[in-house]
Amino acid sequence: DNILCLTYTDAGAVAMRKRLLGFIGADAYKVHIYTFHAFCNNIIQDNLSLFEKTSLDPVSDLERIDLFKQLIDSFPKNHVLKRYRGDVYYEIGNLQNLFSNMKKEGWTPAHINERIDTYLSEIETRDEFVYKRAYKQFKAGDKKENKIAEERERMEKLRAAVNEFDRFQQLMRSRNRYDFDDMINWVIKAFEEHPSLLMRYQEQFLYILVDEYQDTSGTQNRIVELLINYWEQPNVFVVGDDDQSIYRFQGANVENMTALAKRYEEDLVKVILTNNYRSTQPILDIAKTLIDRNQERLIKQMPGLSKDLISSNGKLTSITDPPNIKEYESMRQEMIGICLEVETLLAKGMMPGKIGIIYKENKYGEALAQFFKEKQIPVYSKRNLNLLEIPLAQRIILFLKYLAAEWDTPFGGEEMLFQILHFNWFGIPAMEIAEITAKVADLKYGANKTSLRKQIREKANAPAADLFSQAPAKGFALVSIAIENLITAIANSSLINLVEQVIQQTKVLGWIMQSPDKHWHLQVLSGLFEFIKEEARRNPHLSLEQLVNIFSLMEKEELALPLVQVSGTEKGVNLMTAHGSKGLEFEAVFFAGCNASNWEKKRKPGGGYQLPDTMFSTAPVHSEEEELRRLFYVALTRAELQLQISFSRFKNDGKPLEPTMFLAEILEQHSLGIQPITLAQDALSEFALLDFETELAPEIAKMEADFVSRMLEKFVMNVTALNNYLKCPLQFYYQNLVRVPSGKSEATEFGSAVHYALEKLFSKMQEREKFPELKEFMDDFEWYLHRHRENFTKEEFNRRMEQGQIVLTEYYQYYLNSWNKVVAVERTIRNVVVEGVPLKGKLDKLEFDGTNVNVVDYKTGDIEKARKKLLPPDDKEPNGGDYWRQAVFYKILVDHYDQKNWKVVSTEFDFVEPDKKKQFKKEKIVISPADITTVTQQIKTVWKKIQDRELYTGCGKSDCHWCNFVKENDMAVALHELTDPDDETVE
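Here the sequence shown stands for residues 2 to 988, where the numbers follow the working numbering.
Using 25 Å as the maximum straight-line C-alpha spacing, the simulated SDA-like pairs for lysine to any residue come out as follows: (1) 843 to 896; (2) 78 to 912; (3) 455 to 439.
DEER-style ranges, computed between Cβ atoms: (4) 303 to 143: 34 to 44 Å; (5) 929 to 290: 55 to 65 Å; (6) 711 to 771: 45 to 55 Å; (7) 10 to 364: 17 to 27 Å; (8) 35 to 263: 25 to 35 Å.
For the record, the hints were derived by calculation from the structure and aren't laboratory data.
Every residue gets a Cβ at the ideal spot worked out from N, C-alpha and C, and that includes glycine.
Let's have the full structure, built from the sequences with the hints guiding it.
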């Protein structure tokens, strides 16, 4: 009863009690074993009158996001974190991580502000902010003013974020919500303010064990400090390995240990576990060589410590075989080689469950699993997936969104219906969908205007024209009946009942039960349905509109709906990431994919607030590199008997790769050598049908010739069509030929409002020979925004209105006295033919100097994100940027316009929104004869490919919407290798 054991995870608590059962039997259940959160929750529940938190509920992820949105919406206009364009709630993730770390570490806004001030007072004297030698116009000793300014800006952003912490906590309290990080802080506060409460627990828990101490947070450590501070010589036992700190907040992983050691220096007993009972000595030796390079280690801060591990398992001491390092020709060959090596071990009698394959990223394991499947070798893997990214769940959610859109505004979900028609369970041929979509597009502006929903209903009810004609696909009838019934059901059913009807009437359940992956699909369906039921429980009046808004919010904020996918049984070969391997051990370990591109040169996501190093007692050195080295160390030390480390020389497309620097660090002190492996052709041929690493370009079924001919009869090339084809032929096919219905985003509609206001400004100037007043200009912008109010949420509308009022006012005042008044606005040019290709285009504005023309195109958005689009062709982008091509296209178009004797001398992109320095920019492109030759050739080549019907094979890029659409809906009839996939490494 007097023993308290605290650990980091639920799994750790279970494992500890299980082991204790083996030592002391049933008495193990009397020992208090908790995670920190569970321990604090018990204290709160046992003292409810003291905490007065009974009216509070845990905040859900969705509610937390909503609270952050409310916080950001309340930022004043001059707030450094306020955004008007792009992802206006971009800071949510950064704020969430910051506030969570503040709670976990026990940092107050005042404390962080003090640390920021200290840091800023020092930076001008720090080496990294001073030139060490002469450079250009700078002398040795000069300050790096630009770098200092950037650092100050970063710190002020951090300060602005930190200062919102208390306001966010107030918002939480106003909603009667708390999160789990709050629980520990409540207990700390109660212990500090109520000595009698603290003493009660100090008297009860006389012996305290803390496991995985290197991963405990600042607040968790504070709980331990409070429990033991009554005693001069407390009975506290902490266990940890700083070299295995892979989850701890960066820069602070040894702080707790050093602080404890310093406080109890006189009475502290240090036990160094140098006897290792898991691994052979050669494995321990190479792991030591690697981790010795880290500076942020206890042995480098606490005198007398040594971590020279000795293999002490009698069964292993005689084994002196060194680890193997193997170099394969390609990633594909590496996977095949590992598969064959495992097959050999199994043939020698090793159990599959004793073998572990470790890699850095999950996608490597997904590809590797296919090779094991081909050889019928059982595998075991566990992955945390986001249910919202699983195709089946995405399709059901899309159908719910469509119903909500149609209920809100009849025919308001047309752009979604096109994709819904392709769902597997409806069984409608893609060609019939393309035909009916093109028909709707043809009638869109005529007297017989129709919609996709109407056409489906008519087609579903239409009999065959005669005995020899084929009746429409049955799927049209199924879709039409389901849509009409379910829209009616919205008003007459509970939300849960409506979702049940969707599953039944769309026949998705029947399709699942006939699928070879039916168990997995049922797990996905059940997970989605359980989430909807839980949301309905939290809000009994939840409507369909509110539900789809929840899904949209989760998608936008990249909020996961967790679902664990378990493949195989624990008796199979274990596939896992380096993070997932912690705490496990295997007789044989294959550490795969040890290339720099997977480790130190892996592209890292941006974002987040940079904390000053003054937050910590010792400034971390190369913290990212050291964290990766610790992770590499963890993977190495999972091996008991055999360890093979491997990498590949080339990517599957032939691009060279290099091994990770961690291998070089090992090889500096160990003569292991690298074994080049070339697999025999017959071994490779066994896996000839597998190639999972390469991005594949999908090819769809070719449409009937007469149908395509009808679509191409009236087709005239414009710059959007040209750009779309060069990006992806499937994008051109669906957007420019089939003309799939699409809604307008808030950014697009905002841009249209700006264009409209500018068009009116110059049109009225031409009529009156002077520009209208600012108010009239703004009235035109506001009129357009109100006229298209349906494309915005309330928050989006208010934000875009405010953004327009600020930006356009400044823009008007900046350019009013310098605008060219000799202009033509919104000029459509057609009936132009260049080398046999018909062209057309709509130009925002033409500025004249005699017959010389400067074409002006307005752009809204961030100029920095547009810079790549302005560049001419180069090695990385041989077709040039979209804006560069647009500029040249306009010159070709206007120069060949026979009705006018105009000559384009330049094209200018006028960015209506200022850049980061609050300056307005125009980017003028002066077009050379070589540019004209290049784009003319692009026009001719693309036109010929279109006329030759080269429309059906996509680009295959991982971020291509239309290629993914084809793959996800099983429409591909073939997959083709890409010759130049994107490189994911950074130099």
